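Engineer: Residue numbers (my numbering), protein chains in the order written: chain C, 1 to 264; chain A, 1001 to 1263.
Note that these hints are calculated values from the structure, not bench results. Owing to the predicted nature of the structure, the values given are computational and were not obtained by experimental measurement. Please note: incorrect hints may appear among the correct ones.
What the hints assert, rightly or not - For lysine to aspartate or glutamate, the following DMTMM-like pairs were computed, each having C-alpha atoms within a straight-line distance of at most 25 Å: (1) A:K1219 / A:D1056; (2) C:K51 / C:E222; (3) C:K156 / A:D1006; (4) A:K1219 / A:E1061; (5) A:K1219 / C:E257; (6) C:K156 / C:E222.
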Amino acid sequence: MPLLLAMLLAFNLPILLMLGRSVSGLEFSLEHYQRLVEAPVYLRVLANTFKIAAISTLACMVLGYPLAYWMRGLRPGWQLVAVSLVVLPFWVSILVRTYAWIVVLGNDGVVNRTLMGLGLIVDPLPFLYAELGVVIGTTNILLPFLVLPLFAAMLKIDGRLLDAAASLGAPPRTIFLRVFFPLTIPSFGAGAVLVFILTLGFFVTPAILGGGRVPMIANMLETLINRMPRWELAAAISTVLLVVTLLFFALYRRLTEASEGTLR
Amino acid sequence: MRRLGDLPLMVYGVLVLLFLFLPIAIVVPMSFSAASSLTFPPTEFSLRWYQSFFQDPRWIEAMRVSLLVAFMSSLLALALGSVAAYGLVRGTFAGRRLIDANFMAPMIVPPVITAVALYIVFARVGLLGTLPGLVIGHMLLGVPYVVLIMSVAIRSFDVRIEQVAFSLGASWFTMFRRVLLPNLMPSAFAAWIFAFITSFDEVIVTLFVAGAYQTVPKKMFNELVLQINPTITAIATLLIAFSVCLFVVFALLMRRAGLLGRR
Chain C
1 MPLLLAMLLA
11 FNLPILLMLG
21 RSVSGLEFSL
31 EHYQRLVEAP
41 VYLRVLANTF
51 KIAAISTLAC
61 MVLGYPLAYW
71 MRGLRPGWQL
81 VAVSLVVLPF
91 WVSILVRTYA
101 WIVVLGNDGV
111 VNRTLMGLGL
121 IVDPLPFLYA
131 ELGVVIGTTN
141 ILLPFLVLPL
151 FAAMLKIDGR
161 LLDAAASLGA
171 PPRTIFLRVF
181 FPLTIPSFGA
191 GAVLVFILTL
201 GFFVTPAILG
211 GGRVPMIANM
221 LETLINRMPR
231 WELAAAISTV
241 LLVVTLLFFA
251 LYRRLTEASE
261 GTLR
Chain A
1001 MRRLGDLPLM
1011 VYGVLVLLFL
1021 FLPIAIVVPM
1031 SFSAASSLTF
1041 PPTEFSLRWY
1051 QSFFQDPRWI
1061 EAMRVSLLVA
1071 FMSSLLALAL
1081 GSVAAYGLVR
1091 GTFAGRRLID
1101 ANFMAPMIVP
1111 PVITAVALYI
1121 VFARVGLLGT
1131 LPGLVIGHML
1141 LGVPYVVLIM
1151 SVAIRSFDVR
1161 IEQVAFSLGA
1171 SWFTMFRRVL
1181 LPNLMPSAFA
1191 AWIFAFITSF
1201 DEVIVTLFVA
1211 GAYQTVPKKM
1221 FNELVLQINP
1231 TITAIATLLI
1241 AFSVCLFVVF
1251 ALLMRRAGLL
1261 GRR
């Protein structure tokens, strides 16, 4: 299998070498990890990345669940329209969508001018080059990753279950809380974990909307590689990120399997 | 089914959809603005930003590199990925799941890690800043989608039809050319589109390994970090149009292949 060979050479080997780089100069040492732990700068960036990932994930959950729930109840024609509206942005380059947010959120942007026009604020709100801007952009871009699988899982829920609950006299609120919502928890959780993983390694949006003032891991790696040449440190940080990502991915797999289990 | 909070839910749902769609809805009209700074909504319309894109040799060159790399890497990903998918679906050998997971890995591992790893290795073997290096990097990212789409396609193609061909005396190559290939064509084309778009939009690996080569996304990224140039609205709109066209073709192909839209 030629692909296996190509993958080994072009993907696995580089990753292994990177792992190797992180523990070696001329001989094995954990020096780079030690430096990583000792320098507060790197830990701060790590913490900041986790914070932004957590906030964006939460925002996606709050926006995504009701959207998917609403889409489930639509008639098939409208459902197709809604799904297309979710999928289309997904196909448009992340760069393009991030760029649009500069226009929307800038000091002279749509949001600020509207708010000032309404007399609600006097000075423009600093969305750009701040965490809020990064969170808004990230949420916008990653929302489909949560909505699409969640919607698919909701469609698979047997309507008769809900009818049965209704025929037993449960009010809609109870049906939702006791029957519908519990059935969607695994896929909801899986979607949230997926968004979280993706934000951890996110590069373009933080770089552009954060303008270098909202440091995230991926951007720090770029600086370490392209501007400072500190490869070993970059390799050590990548390894940490890789391990964390794989751990969360394992969680994701468990949740998707659980979701398939409950819906079968 | 009776539902919870119908009207508020509808309002909320529509608002979230608007939020999702807002970037596209803003960029496209702005690209036709005549104003020299970014203001929305535009007051006068013109094609000046399209002009400034098409008359700038640096953008044209970036476009050429982007297309070239996307073509080469997606074809490579399609060829290698399809063969691998065939082997994975039809073959019976130990470690299949592990190999499959390995092919999917570039989709899961954050691209920036792939970029760091490739940078370190390419720097050693002299592929840094070369076209082959760039193509290899992009191919890696396209492969998971090809394997995914082609595996589904091959799995849904009845193995007995292949066996009939063999029993009628066809060699594997004849069977492949006359039976398998025509049937898999729509899926293969869809997978190719996916790999193509993946490469065409790719920024991160490109930023790390492309050296002096400029692709459209890389040039866009660099300009966006420095300043806000309205020419980018025109490029963005062209890219949106391009992606939407490919998306429509992709959806049609998947439907034809019977992989989508069957209820």
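Engineer: For a C-alpha distance cap of 25 Å, please report whether K1219 of chain A and E1061 of chain A respect it.
Structural biologist: Holds, at about 11 Å.
Engineer: Taken at face value, is the distance from the CA of E257 of chain C to the CA of K1219 of chain A at most 25 Å?
Structural biologist: Given that 25 Å is the threshold and the Cα spacing comes to 41 Å, the pair is violated.
Engineer: For the pair supplied as a hint, K156 of chain C and E222 of chain C, is the alpha-carbon distance within the 25 Å limit?
Structural biologist: Outside the cut-off at roughly 42 Å; violated.
Engineer: Given the hinted pair K1219 of chain A and D1056 of chain A, is their alpha-carbon gap at most 25 Å?
Structural biologist: Roughly 12 Å between the alpha carbons, so the hint for K1219 of chain A and D1056 of chain A holds.
Engineer: Please work out if K51 of chain C and E222 of chain C have their alpha carbons no farther apart than 25 Å.
Structural biologist: It holds: about 20 Å lies between the C-alpha atoms, which stays within 25 Å.
Engineer: K156 of chain C and D1006 of chain A: Cα distance at most 25 Å?
Structural biologist: Holds - the C-alpha atoms of D1006 of chain A and K156 of chain C are around 21 Å apart, at most 25 Å.
Comparing the model with each earlier hint shows violations of hints 5, 6; every other hint is respected.
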